[in-house]
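Okay, here's what each chain looks like letter by letter:
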Amino acid sequence: MHLFFQELLNGLVVGSLYALVALGLALVYGTMQVPNFAHGHLYMLGAYVAFFGVTIAHIHYWPSLLLAVVVLAGVGVILERLVFRPLRDAPEVNAIIAAVGVLFFLQTLAQVLFGGDFRVLPTPYDHVVHFAGLIATQQQLIVIVAAGVLMLALFLFLKRTLIGATIEAVAQNRAGAALVGIDTDRVSMLVFAISAGMAAAAAALIASISLISPSMGFTVIFKAFAIVVLGGMGSIPGAILGAYILALAESFGATYISTSYEDVIAFAVLVLILTVKPTGLFAKGT
Amino acid sequence: MRRALWIVAALIALALPFLVSKSFYLQIAASAYITAIAVYGLNVILGYTGLLSLGHAAFFGIGAYGVALLETRASWPFWPALVAACAASVLLGFLVGIVSLRTRGHYFAIFTAAVGVMISIVLTNWQDLTGGNIGIVNIPPPPAIGPLSFEGDTAKYYLVVAALAFAIALTALVRRSLFGRTLIAIAGNEDLARATGIDVARAKLTAFMLSTFLAGLAGGMFATYIGNLDPGSSGLDITFEQLLYLVIGGLGTIAGPLIGTLVLVGASQLLQGVEQYRFLIFGPLLVVLVIFFPHGITGAFNRLMAARPRSHRRTTATPETEAAVS
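Protein chains in written order, with this note's numbering: chain F, 1 to 286; chain W, 1 to 326.
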């Protein structure tokens with residue numbers, strides 16, 4: 001039973017990470033119907049920005065995290081402007097193909113600039129905390145709390161502010177939003193900025209627990225897609241729920257079934273759901 | 001004009017062993033042809049039918065491992081092993097297709113990507129069968145058919161050329177057949193195609209199986225030509241690379257897969273030493289092409305040909321017929 005709660009805790013940490021990444025993916029898909037395959041690589045880039053903030057620029061951990069968010073938000077805007085906007089009216093596979101080009105570019109860029117070595121972001125919060133017989137590092141608890149705070153902030157932003165409302169309007173009906181005077185192009189850029197920024201925050205949070213490498217985006221992106229499909233493409237509450245479900249399934253699967261097939265679980269979940277329900281689990285009405 | 005170009009290309013391919021001095025270049029050419037066969041498969045499903053299958057390299061892996069395992073573990077000769085491996089690839093394509101083709105658009109891409117990654121993980125982790133990351137070594141070359149022996153580099157090269165010619169002819173025939181036109185109709189507008197009485201589900205499944213057949217064939221040729229095999233050949237990055245070749249060569253065109261593969265494999269060879277950085281150029285190139293030239297090099301060439309004033313030209317090529325005439 002003790003093992004169970006330990007795995008539950010680990011699952012929550014990973015689930016928080018997945019939730020932040022999947023949220024961004026779901027937000028972009030929900031507002032622009034773009035499945036951004038390069039999203040995982042934005043996450044990777046965010047991890048490197050935070051890493052160099054701490055190790056080379058010698059900034060404190062939290063400003064480094066903020067720096068990563070700001071830089072990646074900028075990258076997100078550039079990506080929307082240069083790559084995805086020109087493809088808005090093209091056949092839908094073209095956006096995926098373009099995203100694949102971006103993904104290749106970013107991964108090779110990271111390889112050239114940063115090398116292929118695995119790195120760990122140094123954190124001031126590496127003390128071990130014991131409570132009720134469970135073991136966790138401070139950083140793990142920070143991940144859980146910070147993810148919660150970020151998700152709450154995003155929720156309030158979308159539901160309680162005017163700019164947030166414009167995003168929802170574009171998600172519901174792009175043409176209709178344009179008709180009532182919303183600058184849909186600006187909303188698209190904003191959504192990409194938020195999405196990439198969230199990915200960067202997730203990366204900076206987790207980078208002191210797991211390893212940073214140019215290929216770290218690859219595993220994450222497919223898990224994020226599995227989650228977004230699980231939660232219904234574009235649904236934000238669905239993405240959050242899906243993230244924790246997947247992370248717990250992986251955590252318990254690794255403990256009770258087999259570690260070498262841990263990564264298969266996400267894909268098995270994905271395939272299973274699409275087999276039973278080709279439009280995703282909680283899909284909004286088609 | 002077009003026919004003449006194909007004949008020239010065939011003559012060059014056949015004469016290549018006498019033109020190059022080192023067998024190294026011959027091996028590069030043969031590997032490029034093998035990749036091109038797989039890219040022709042991708043062209044059937046993406047270029048003709050408009051469905052992005054991101055699990056393509058996994059079927060390449062099934063074909064390759066099928067041949068390699070049957071030859072090394074079960075001591076089958078190459079030819080029945082190749083047939084069985086292609087059959088396995090098509091059967092798996094059938095099973096995956098039945099399920100995945102119920103999804104549309106992005107879901108299909110994500111679904112096939114997940115299937116592809118799963119197959120790749122299984123090939124890596126099922127160590128007793130596949131040898132894990134080390135893979136399988138010493139896969140024997142095909143046995144002789146009568147006086148035809150496939151021992152040397154040149155003989156194996158011609159075998160690959162034959163397989164490539166088969167793939168090109170097959171996809172060209174499909175493109176011209178009623179079935180090919182059906183696929184183009186589905187790519188254009190699936191609902192409209194269904195409304196005109198086309199059995200969309202069946203046509204898509206057949207196209208998908210055809211694409212997995214060509215991927216399996218390419219994999220089988222790869223196993224026997226290279227002689228060793230590891231799970232890296234079935235990964236998602238390989239699918240992405242094949243996608244790159246196809247888009248740059250020309251989606252939905254007949255020359256596109258070959259041109260794209262040859263141009264990019266050639267370019268990679270020129271970049272020796274910095275080869276692993278080639279995606280710094282190829283990545284943005286893919287983005288630019290998909291935005292400005294969705295039909296790739298072949299499409300641009302066709303547009304050029306169509307713009308050239310010619311007295312006996314029958315029709316004016318429009319972007320819609322562009323893919324059709326090549």
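By construction, these hints were calculated from the structure, which means they are not laboratory data.
Honestly, I wouldn't trust all of these hints.
[What the hints assert, rightly or not] A short, non-exhaustive set of chain F residues, derived as facing chain W with CB atoms under 8 Å: (1) 8; (2) 10; (3) 35; (4) 90; (5) 109; (6) 113; (7) 117; (8) 120; (9) 148; (10) 222; (11) 226; (12) 268; (13) 271; (14) 274.
[Stated by the list, open to error] Partner residues aside, some chain W positions facing chain F, computed with beta carbon under 10 Å: (15) 106; (16) 203; (17) 205; (18) 209; (19) 270; (20) 271.
Every residue, glycine too, gets a C-beta built ideally from N, C-alpha and C.
Do the hints match the structure? See the list:
no.	hint	result
1	8	violated, 25 Å
2	10	violated, 21 Å
3	35	holds, 4 Å
4	90	holds, 7 Å
5	109	holds, 6 Å
6	113	violated, 10 Å
7	117	violated, 15 Å
8	120	violated, 24 Å
9	148	violated, 28 Å
10	222	holds, 6 Å
11	226	holds, 7 Å
12	268	holds, 7 Å
13	271	holds, 5 Å
14	274	holds, 5 Å
15	106	holds, 4 Å
16	203	violated, 18 Å
17	205	violated, 15 Å
18	209	violated, 18 Å
19	270	violated, 17 Å
20	271	violated, 12 Å
When the structure is compared with the earlier hints, violations turn up for hints 1, 2, 6, 7, 8, 9, 16, 17, 18, 19, 20 and for no others.
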